[in-house]
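Chains as they are written, first to last, in the UniProt record's numbering: chain A, 1 to 245; chain B, 1 to 245.
Simulated from the structure, these hints should not be mistaken for lab results.
Careful: at least some of the hints might be erroneous.
What the hints assert, rightly or not - Under the rule of at most 35 Å between Cα atoms (straight-line distance), these lysine-lysine pairs were calculated in the DSBU-like manner:
id: 1; chain 1: B; residue 1: Lys149; chain 2: A; residue 2: Lys29
id: 2; chain 1: B; residue 1: Lys223; chain 2: A; residue 2: Lys90
id: 3; chain 1: B; residue 1: Lys24; chain 2: A; residue 2: Lys149
id: 4; chain 1: A; residue 1: Lys99; chain 2: B; residue 2: Lys224
id: 5; chain 1: B; residue 1: Lys146; chain 2: A; residue 2: Lys90
id: 6; chain 1: B; residue 1: Lys78; chain 2: A; residue 2: Lys120
id: 7; chain 1: B; residue 1: Lys29; chain 2: A; residue 2: Lys90
id: 8; chain 1: B; residue 1: Lys99; chain 2: B; residue 2: Lys24
id: 9; chain 1: B; residue 1: Lys29; chain 2: A; residue 2: Lys99
id: 10; chain 1: A; residue 1: Lys50; chain 2: B; residue 2: Lys186
id: 11; chain 1: B; residue 1: Lys78; chain 2: A; residue 2: Lys149
id: 12; chain 1: B; residue 1: Lys174; chain 2: A; residue 2: Lys78
id: 13; chain 1: B; residue 1: Lys146; chain 2: A; residue 2: Lys146
id: 14; chain 1: A; residue 1: Lys90; chain 2: B; residue 2: Lys186
id: 15; chain 1: A; residue 1: Lys24; chain 2: B; residue 2: Lys78
id: 16; chain 1: A; residue 1: Lys31; chain 2: B; residue 2: Lys99
id: 17; chain 1: B; residue 1: Lys217; chain 2: A; residue 2: Lys149
2 protein chains.
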Amino acid sequence: MSVIRNILNSRSSKGGNFFIAMQKILGFKPKNITHYEKAFTHRSLNQKDKLGNAVNFERLEFLGDAMLSAVIAGYLFKTVPGGNEGYLTKMRSKIVSRKHLNELGKDLNLISFVQTNIPKDQFGVNIHGNLFEALVGAIYWDRGYKYCKRFIYERVINPYVDIEQLEGKVISYKSLLIEWCQKKKKSFNFEVYEDTGNDEVKHFAVKLRIDDRVVAKARATSKKKAEEKASKRAYYALQTHIENE
Amino acid sequence: MSVIRNILNSRSSKGGNFFIAMQKILGFKPKNITHYEKAFTHRSLNQKDKLGNAVNFERLEFLGDAMLSAVIAGYLFKTVPGGNEGYLTKMRSKIVSRKHLNELGKDLNLISFVQTNIPKDQFGVNIHGNLFEALVGAIYWDRGYKYCKRFIYERVINPYVDIEQLEGKVISYKSLLIEWCQKKKKSFNFEVYEDTGNDEVKHFAVKLRIDDRVVAKARATSKKKAEEKASKRAYYALQTHIENE
């Protein structure tokens, strides 16, 4: 226990690695870094506070989940004035789906910060989303709703939420493009390579070739996203061709 | 339609009845009174905005529900440091239960503000809770999270949320007291009378007599609550007797 405490203490001081890593992810300086430590404390450590209450990230998940729901509700209410209650509810559950939260947590590599007594490869796939929720909870606890909202806009809404795509009007640009290439007997190829550069988070770049000509490039935090982004760009570049034929 | 518009216009101006009534309920001046009008516009009016989007309180219910969940989550997270995720979730659903929201809406007599084309007695019982949620949504829309949170503390948490009672440790002080009176062969009597005074909302006062002696008085927005409040006071006053026997 005291060893773990010491590790946390050294890594969490203002110049410590954990503090700096959090600041990069959050986009602001944490006020109370211990709130964020809790967001990465697994129950297997059996940590307790002075009063004997269990300390781990599960309570913060509850808080973060509520804040995500509220911020996304506010966003949808404003952005889709024509959507009724049922529509807004459905759109929200797509945005905060387990699958999407897991992607968000994975992209930020949150699992690298977890303090645990069990091997990390024994966590289920939902650990990524759970940590993302806990992080959002810690932000609310540390800095209140305004910062929490800003973080959710920066990390969830702005980069990933595309109402048209959520509505299922466009399921995947990649599949649209592949379909068109096959129909037109054109060859296509996605060349993906790691391109992290100075970023905190791993990045991938992709070149999309059609008939050996590069038609689009893109860069994102996962292979899948980079491919989708490149496909979307190619789709709009080729739109006249694709729609007329 | 234009008749309804005119009624709304006259009642919603800064000196209008609706504006004043809202201000009393909210505890602050509305910035944009039309947001609150929407919180009381029933779908039966078939109102549309300039773009043809339906205008009624259902979208605001969605928003208000999310804000209630978030504020109550934040409250429970802080207040019950020993509660795990499951406990916090359970407590929240008790606080924002349909039954409780209906009571809150009823106490504020929100139904009196509804603009509708169908008779109000044809609304189901949940109209009260739905209007309460819509009102919370309108507050968020008009003034943001801070005011929303303050309103929920003033109208929901401070007056009604008693963690011990929610946990089922004490189900009802009234039943505890009655049980004790019966066991001790004491007579008891609740004298209830309306006592609204200058309040916006109807109030009830109650005198609780045991063996013809007034042991507690209370005042609240419903008969049931006034009786419960008086019983709680009597219970604490008589506690030594009750617990020793």
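Hint check:
Between Lys149(B) and Lys29(A) the alpha-carbon distance is near 25 Å, which keeps this suggested pair within the 35 Å criterion. For the given pair, Lys223(B) sits about 40 Å from Lys90(A) by alpha-carbon distance, which is inconsistent with the 35 Å threshold. At roughly 29 Å between alpha-carbon atoms, Lys24(B) and Lys149(A) fall within 35 Å of each other, so this suggested pair holds. Between the alpha carbons of Lys99(A) and Lys224(B) the distance comes to roughly 46 Å, so the proposed pair goes past 35 Å and is violated.
With a CA separation close to 27 Å, the supplied pair Lys146(B) and Lys90(A) stays within the 35 Å bound. A threshold of 35 Å between alpha carbons decides the hint, and for Lys78(B) with Lys120(A) the separation of about 29 Å falls inside it, so the pair holds. Note on Lys29(B) and Lys90(A): the hinted pairing holds, with a Cα-Cα distance of about 34 Å set against a maximum of 35 Å. Pair hint Lys99(B) plus Lys24(B) holds up; C-alpha atoms about 24 Å apart against a cutoff of 35 Å.
Between the alpha carbons of Lys29(B) and Lys99(A) the distance comes to roughly 42 Å, so the proposed pair goes past 35 Å and is violated. The suggested pairing of Lys50(A) with Lys186(B) is violated, with an alpha-carbon distance near 46 Å, which exceeds 35 Å. For the proposed pair Lys78(B) and Lys149(A), the alpha carbon gap of about 19 Å is at most 35 Å, so the pair holds. Taking the CA atoms of Lys174(B) and Lys78(A), the gap is about 46 Å. The hint is violated against a cut of 35 Å.
Taken as a hint, the Lys146(B) and Lys146(A) pair is honoured in the structure, with Cα atoms around 9 Å apart against an allowance of 35 Å. Between Lys90(A) and Lys186(B) the alpha-carbon distance is near 57 Å, which puts this suggested pair outside the 35 Å criterion. Taking the CA atoms of Lys24(A) and Lys78(B), the gap is about 27 Å. The hint holds against a cut of 35 Å. For the hint pairing Lys31(A) with Lys99(B), the CA-to-CA distance comes to about 39 Å; that exceeds 35 Å, so the pair is violated.
Distance hint between Lys217(B) and Lys149(A) is unfulfilled; the C-alpha atoms sit about 45 Å from each other, more than 35 Å.
Of the numbered hints stated above, those contradicted by the structure are hints 2, 4, 9, 10, 12, 14, 16 and 17, listed in ascending order.
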